Amino acid sequence: MTTTGLAQEEDPSPPLLRPYGWSFAGVVLLQVIGAVAGLAPLLAVVELGRALLSPGPVDHGQVWLVVIAGAAGLLVRLLFTAASSGLGHVLDGRVQLALRRRLAERLGRVPIGWFSRRRTGELAKVVGEDVSAVHPFIAHAPGELVSAFVVPLVSLVYLFSVDWRLTLITLIPVVLAVALVPLLMLPARLREQEEYDAAMGRIANAVVEFVQGIAVVKAFGGSERAHRRFLTAADDFVGIFSRWVRGMSAVAAGMQLALSPPFVLLVVLIGGAALITSGGLAPADLLPFLLLGLGLTAPVAALGHGFDDLQAARRAVGRIKDVLDVRSLPEPARPATPLGHRVELRGVRFGYEADREVLRGIDLVLEPGTVTALVGPSGSGKSTLVQLLPRFFDPTHGAVLLGGADLREIDSRELYRLVSFVFQDVRLLRASVADNIALAVPRAGHDDVVRAARLAGIHDRVLELPRGYDTVLGEEAELSGGEAQRISIARALLADTPVLVLDEATAFADPQTEQAVRRALAALAGERTILVIAHRLETVADADTVVMLDDGAIVERGSPAELLARGGRFAAFWQSHRSAVAGDAVPQGDEPR
Amino acid sequence: MIRMLLRVLGHEYARAMRRTVALMTITAMAEGLSYALLVPVLRALLGSTPADAWPWLIAFGAAVAGYAVLRYLSDLAGMRVGTTMLRGMYHRLGEHLARLPIGWYSSGRVGEVSVMASRGLLQAMGVSAHLLAPFVSALVTPATIVAVMLAFDWQLGLAALAAAPVVAAIQAWTARSTAAADADRHERDKEAAGRVIEYLQAQPVLRAGGRTGERFEALDDSLREVRRASRRTVLATLPGAVGLTLAVQTVFTVLLVLGAYLALGGSIGAAEVLTILVLAARCADPLLSLSDIGGKLRGARSELARLDAVLRTEPLPEPAEPVQPEHAGLEFDAVTFRHGGRRVIDDLSLSVPPGQRLAVVGPSGAGKSTLLQLLARFHDVDAGAVRVGGVDVRAISTEALMARIAIVFQNVYLFDGTIEENIRLGRPGAGEAEVRAAATAARLDEVIERLPGGWAANVGEGGALLSGGERQRVSIARALLKDAPVVLLDEVTSALDPVNEAAVHEGIERLMAGRTVVMVAHRMRTVRRADRVVFLDGGRVVEEGGHDELLRRGGRYAAFWEIAIPAAYPRSLS
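Which chain is which? The protein sequence lines are A and B, in order. Sequence positions in the first sequence follow my numbering and run 164 to 756. Sequence positions in the second sequence follow my numbering and run 30 to 603.
Treat the hints loosely; a few may be bogus.
[What the hints assert, rightly or not] 25 Å max Cα-Cα, derived DMTMM-like pairs, lysine to aspartate or glutamate: (1) B:Lys219 x A:Glu357; (2) A:Lys484 x B:Asp218; (3) B:Lys325 x B:Asp213; (4) B:Lys219 x A:Asp633; (5) A:Lys484 x B:Asp249; (6) A:Lys484 x A:Asp472; (7) A:Lys288 x B:Asp218; (8) B:Lys219 x B:Glu246; (9) A:Lys288 x B:Asp249; (10) A:Lys288 x B:Asp421; (11) B:Lys325 x B:Glu220; (12) B:Lys325 x A:Asp472; (13) A:Lys288 x B:Asp250; (14) A:Lys484 x A:Glu357; (15) A:Lys484 x B:Asp250; (16) A:Lys288 x B:Glu141; (17) B:Lys219 x A:Glu292; (18) A:Lys484 x A:Glu268; (19) A:Lys288 x A:Glu268; (20) B:Lys219 x A:Glu268.
Keep in mind that the hints were calculated from the coordinates and are not lab data. Computed from a predicted model, the values in this text were never measured in an experiment.
Working from the sequences, and respecting the hints, build out all of it.
Here you go:
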């Protein structure tokens with residue numbers, strides 16, 4: 164049972180722990196030497212007994228030799244176990260760092276679309292808590308488990324050499340305890356364990372819901388009914404927990420009693436007394452059993468003790484491996500170089516689930532130097548379509564081509580140099596404003612950053628921050644939603660890619676941001692290929708081509724004027740919007756122009 | 030530690046807890062005392078008349094039986110107290126969380142509280158069930174054994190007793206020196222967790238800059254900090270563990286030497302010395318396990334400390350004699366409110382007569398949403414007063430206040446359940462027909478028609494299966510069903526596409542009819558529906574009046590709209 168063995172058995176492809184094999188061996192060796200040396204003082208007492216109890220005059224020299232040997236054993240034990248524990252923990256730190264880095268590396272390569280189906284919190288838990296849960300596996304298990312088996316084994320050999328009958332008697336408590344183990348593995352117990360895990364999960368969900376919905380819950384009254392769901396889950400959990408505990412308690416108590424020192428001593432003394440009174444055992448030979456016999460219970464105790472932690476660690480390792488095993492979007496062996504910036508979708512079909520297609524055969528060409536506006540009712544597949552361009556997903560059928568090359572044939576770094584995007588949910592990093600804007604272009608000069616910020620209409624706001632462009636967002640200052648969106652626009656402007664995908668988000672939070680988007684679009688026009696999910700009529704009207712999407716298919720396309728004249732779906736759509744936003748247009752007359 | 034546990038538990042559980050600890054102490058003492066019988070047993074067995082051991086051995090057997098019963102009882106008591114406390118804690122935490130002001134719930138809190146209420150609570154409560162008994166026994170049993178040793182030989186007993194102050198001093202010192210390292214470690218863990226989340230959420234942009242894995246320095250730095258902190262924790266705990274082992278082993282060595290010396294001098298019998306050394310070996314193991322148990326207790330203690338901090342956060346005070354609001358009018362009277370070191374609302378006065386509609390307009394960060402939150406008493410003001418129906422909100426009971434106000438938030442959170450359940454939250458006692466009517470008025474029926482399963486369709490966690498606009502309609506239906514005299518709307522239509530916007534507006538129109546309304550808005554269409562507009566900036570009212578009047582005035586308000594309204598009808602089409 165070494166950890167390297169475990170790495171082999173658990174992880175066939177890239178070993179998680181194998182590189183640390185030698186260090187683990189060191190930890191184990193130090194621990195074993197220390198633990199075995201720990202037997203020396205006990206043996207010293209035994210030898211002291213033999214010397215004192217032997218008939219005739221006591222050999223003083225021998226007594227002191229024994230005492231010195233015992234003391235030396237203690238010193239060795241202290242030094243070696245301390246060294247083992249220190250080394251084990253240092254190793255633990257190294258392994259955890261390596262695991263976290265590997266997870267980060269892997270998460271940096273999985274398809275972006277993969278994230279949309281997972282909760283960020285859960286993934287963060289894998290990188291954080293789950294890696295930490297491996298701790299007992301690395302820092303404690305190898306040394307402690309091995310010595311929990313080696314030391315009793317050494318003791319057992321020694322005791323057998325003293326008296327085999329009393330050795331067998333000394334093993335009675337261990338046998339009793341082991342005999343009870345199957346009772347802990349009864350189907351009923353295992354079912355309770357599963358129920359326990361499930362109930363724990365329900366509590367976690369109920370808490371998240373409770374906390375996230377707290378505003379709604381409070382606003383809609385009755386804080387008493389507010390957390391009923393949470394309390395139900397909690398009561399449910401406690402019920403299962405106490406059932407589980409009750410089911411275990413009698414057996415566990417029996418085991419613990421069998422392994423408890425008073426009981427072991429009682430068994431040894433009864434056996435010893437019987438043997439001594441019948442003349443079959445020298446009185447001094449009883450001593451090793453009293454001193455070492457208790458240690459024989461260690462493996463059973465260690466198994467019971469470390470079992471929960473190891474189980475938790477095993478589950479954590481499972482989750483870590485699940486993440487490490489996610490396949491990244493395949494990278495081309497021989498990347499193709501796009502020629503030009505023409506974007507073409509050929510017979511593209513896509514569905515998040517196998518049986519529900521969101522895009523049903525899209526053929527679309529985006530010419531360089533044009534703006535294409537995507538319109539359509541919600542749920543028509545607009546967001547999905549634009550996400551195919553930066554290759555958040557690969558289409559299930561058909562292909563997306565950039566400059567004549569299939570996106571799957573383009574190196575992903577190259578792709579991101581060609582395509583940039585502004586999507587609704589803007590994520591700002593806890594980093595300086597300048598770093599946030601230059602995220603996609605780490606080597607950008609300060610002047611370029613400022614130029615992009617000006618164009619995005621955020622420059623003046625940045626200057627108002629405590630340290631201007633060096634202000635760390637989230638620490639020294641918070642930006643509003645609209646301001647964050649303008650930072651994101653500045654990012655795209657700075658990245659200056661030939662292809663821009665923009666979700667003219669449903670949520671551009673304030674008039675200034677809407678203005679920034681329009682300015683950005685105007686500034687970017689020229690040779691660029693722009694695809695925009697349009698929500699505002701003026702964007703649609705200014706576009707070169709309008710594509711009307713419905714239920715995953717293109718129903719109309721053409722210039723805005725053309726489509727209006729045709730009087731089809733788009734015209735109807737346009738009219739309904741016009742009346743919907745008519746209110747906004749009225750003040751026009753009042754305004755000096 | 031136990032004091033903190035008792036405080037977190039509240040005093041109703043304190044007695045059961047004390048009884049359990051007493052039982053555990055008695056059990057541990059019983060174990061120690063039973064060893065006293067080993068002396069006569071061994072004296073007989075190692076002496077010349079081994080048969081004399083039998084009566085003593087029977088007595089020892091009886092003592093072990095007594096210990097077994099006590100131990101079973103105290104284990105059982107520990108588990109029972111553990112589960113009762115667990116249930117009590119869940120209820121206590123749940124009720125407390127529900128009473129905390131919404132202002133307390135920042136975005137970081139959500140994660141923190143969820144961990145605390147699930148795993149953290151269990152770990153903290155596990156103390157009594159799993160750690161308390163070993164801890165008590167590891168301390169009390171050796172102490173009892175030392176007393177037994179003293180009774181048989183004062184010299185050896187005193188030598189063993191010398192260990193007590195050393196062990197106590199080491200325990201105290203370790204606890205102090207590791208507390209700081211633990212706190213630091215927790216801080217680093219939190220920081221790294223934040224960075225991981227950031228890293229995950231910013232993936233698209235980070236990849237564009239080629240910053241994945243170790244190339245994203247912010248994340249890698251925080252991961253390395255975690256390792257450094259964990260190394261510091263090890264360094265902080267190691268001296269304590271080594272010191273404890275050293276102390277225990279030194280005492281054992283002293284006993285060994287002293288025992289050999291006394292036995293050789295003939296001042297004590299060989300059997301007595303050997304028995305005492307056997308007993309000393311019995312002391313050593315539990316004492317050495319203290320550092321292990323101590324580590325686990327520390328882990329539980331930091332969880333407890335976090336629980337304690339939350340439970341000690343005061344909810345907003347409830348009035349002793351609540352007053353009922355007299356009408357649906359709203360008033361801010363010289364209100365100042367600070368948040369995060371900033372004056373969010375700055376000496377603001379404002380009133381809305383019953384049945385009137387007020388629109389609040391202003392740049393981001395002007396304090397618009399805060400205004401609504403103060404009306405609903407999500408926070409208490411620092412100066413001045415907020416009045417609903419002529420009564421200070423602090424003098425109205427939370428229930429009465431909430432019964433008068435319906436809020437439609439910008440971000441709607443739906444509970445994992447059916448649409449119907451989510452609407453019914455507005456008024457739990459509402460009849461089937463009323464719920465349907467509210468849904469129809471909010472134009473939800475077309476959404477319901479589209480969903481597989483219709484009314485019984487599940488909306489997913491947080492309403493994830495519905496679009497933003499659809500969620501918004503559910504929340505309007507909820508507010509309609511609630512039928513409260515005051516309606517607060519927070520940028521309700523900003524997050525909508527035009528189709529949803531039209532539907533939502535229809536619902537809003539119905540919701541506003543005949544009620545006192547305060548709406549935060551930045552679509553002019555919404556603003557025009559208001560009787561009066563205030564333009565807010567920096568927590569102050571900058572301009573106030575009718576929409577057209579303010580536009581004509583050509584001040585801040587007019588400038589605000591000017592950039593918002595582009596050439597709305599492009600040349601090519603108009």
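A quick look at each hint next to the structure:
no., hint, in the structure
1, B:Lys219 x A:Glu357, "violated, 30 Å"
2, A:Lys484 x B:Asp218, "holds, 21 Å"
3, B:Lys325 x B:Asp213, "holds, 17 Å"
4, B:Lys219 x A:Asp633, "holds, 24 Å"
5, A:Lys484 x B:Asp249, "holds, 20 Å"
6, A:Lys484 x A:Asp472, "holds, 18 Å"
7, A:Lys288 x B:Asp218, "holds, 11 Å"
8, B:Lys219 x B:Glu246, "holds, 17 Å"
9, A:Lys288 x B:Asp249, "holds, 17 Å"
10, A:Lys288 x B:Asp421, "violated, 44 Å"
11, B:Lys325 x B:Glu220, "holds, 23 Å"
12, B:Lys325 x A:Asp472, "holds, 12 Å"
13, A:Lys288 x B:Asp250, "holds, 18 Å"
14, A:Lys484 x A:Glu357, "holds, 21 Å"
15, A:Lys484 x B:Asp250, "holds, 23 Å"
16, A:Lys288 x B:Glu141, "holds, 12 Å"
17, B:Lys219 x A:Glu292, "holds, 10 Å"
18, A:Lys484 x A:Glu268, "holds, 13 Å"
19, A:Lys288 x A:Glu268, "holds, 16 Å"
20, B:Lys219 x A:Glu268, "holds, 20 Å"
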